[in-house]
Amino acid sequence: MSRGESATPLGVVRGLGSAHHGGEHWLTERVTSLALLFLGTWFIASLLLLPKLDQRTLIEWLHAPSGAIPMALLVVIGFRHALDGMKVVIDDYVHEEGSRFALNLLMLFLAVGGGAIALFALARIAFGAVA
Amino acid sequence: MAVSILHRVTGVALSFAGLAILTWWLFAMSSGAEAYDSFKGLATSPVGLVVLIGITWSFFQHLLSGIRHLVMDTGAAFELGINKTFAILTIIGSIALTAALWFYLLGAAK
Chain B
1 MSRGESATPL GVVRGLGSAH HGGEHWLTER VTSLALLFLG TWFIASLLLL
51 PKLDQRTLIE WLHAPSGAIP MALLVVIGFR HALDGMKVVI DDYVHEEGSR
101 FALNLLMLFL AVGGGAIALF ALARIAFGAV A
Chain S
1 MAVSILHRVT GVALSFAGLA ILTWWLFAMS SGAEAYDSFK GLATSPVGLV
51 VLIGITWSFF QHLLSGIRHL VMDTGAAFEL GINKTFAILT IIGSIALTAA
101 LWFYLLGAAK
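Chains as they are written, first to last, in this note's numbering: chain B, 1 to 131; chain S, 1 to 110.
Covered by chain B, per the in silico footprint, the following chain S stretches (three or more residues, Cβ under 8 Å):
1) 3-16
2) 23-35
3) 60-70
In silico EDC-like links for lysine to aspartate or glutamate, alpha-carbon gap of 20 Å or less:
4) S:K40 <-> B:D54
5) S:K40 <-> B:E60
6) B:K87 <-> B:E29
7) S:K84 <-> S:D73
8) B:K52 <-> S:E34
9) B:K87 <-> B:E24
10) B:K52 <-> S:D37
11) B:K87 <-> B:E97
Here are some chain B residues the structure puts well away from chain S; computed CB gaps all over 10 Å:
12) P9
13) G23
14) W42
15) S99
16) N104
17) L105
Worth flagging that the hints you see were computed from the coordinates, not collected in a lab. Even glycine gets a Cβ: it sits at the ideal position worked out from N, Cα and C.
Modelling step: build the complete structure from the supplied sequences, incorporating the hints.
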């Protein structure tokens, strides 16, 4: 719907329907995708540029702020983008309201739980002693 | 159409298998030499390599078709010819990038 089709003058100005919101999810998915385009490129480039791919080299890489900070962003934004994407898939294919709610809730728990495990592991590497 | 479905399928694969492997990799790395060796053993087994190469291809396919969707969000590239060429290029690109990366990784591992 174009902005001009809104029923009220304020709606025309803000471009929003009666719910006053709803575009955030769509927009967040695009913004996180752009961030992941950079972070994903960083991740692949880092693996290619590391002299070796043994545990010691990897820990040194993620112990340094230049490795730990982008990796933390990759984990957080990656899980967020996965959660937003799974919501689109679930909302499209699961039509029964109860199942849809339950599945979306399960995805939220999985994403937050998985993100916490990954961040804990990263913190242990970043703040621990280099082996 | 096919590439649009691929975008969803690879997205679901990355959400589950991709993020699970990333998390497992980080956790194993942070848990000492023994834990990392058992991860490495599984990851470099024939089945592990097939899964990792599949996830790598999913990553590049999702990334390239994601760029295609961002371009189409701006209202561009809806003409049939351009649209189809763009779709085919995402598949050629993802296979080429996956092959190049694993050719390098398997070479570096020797």
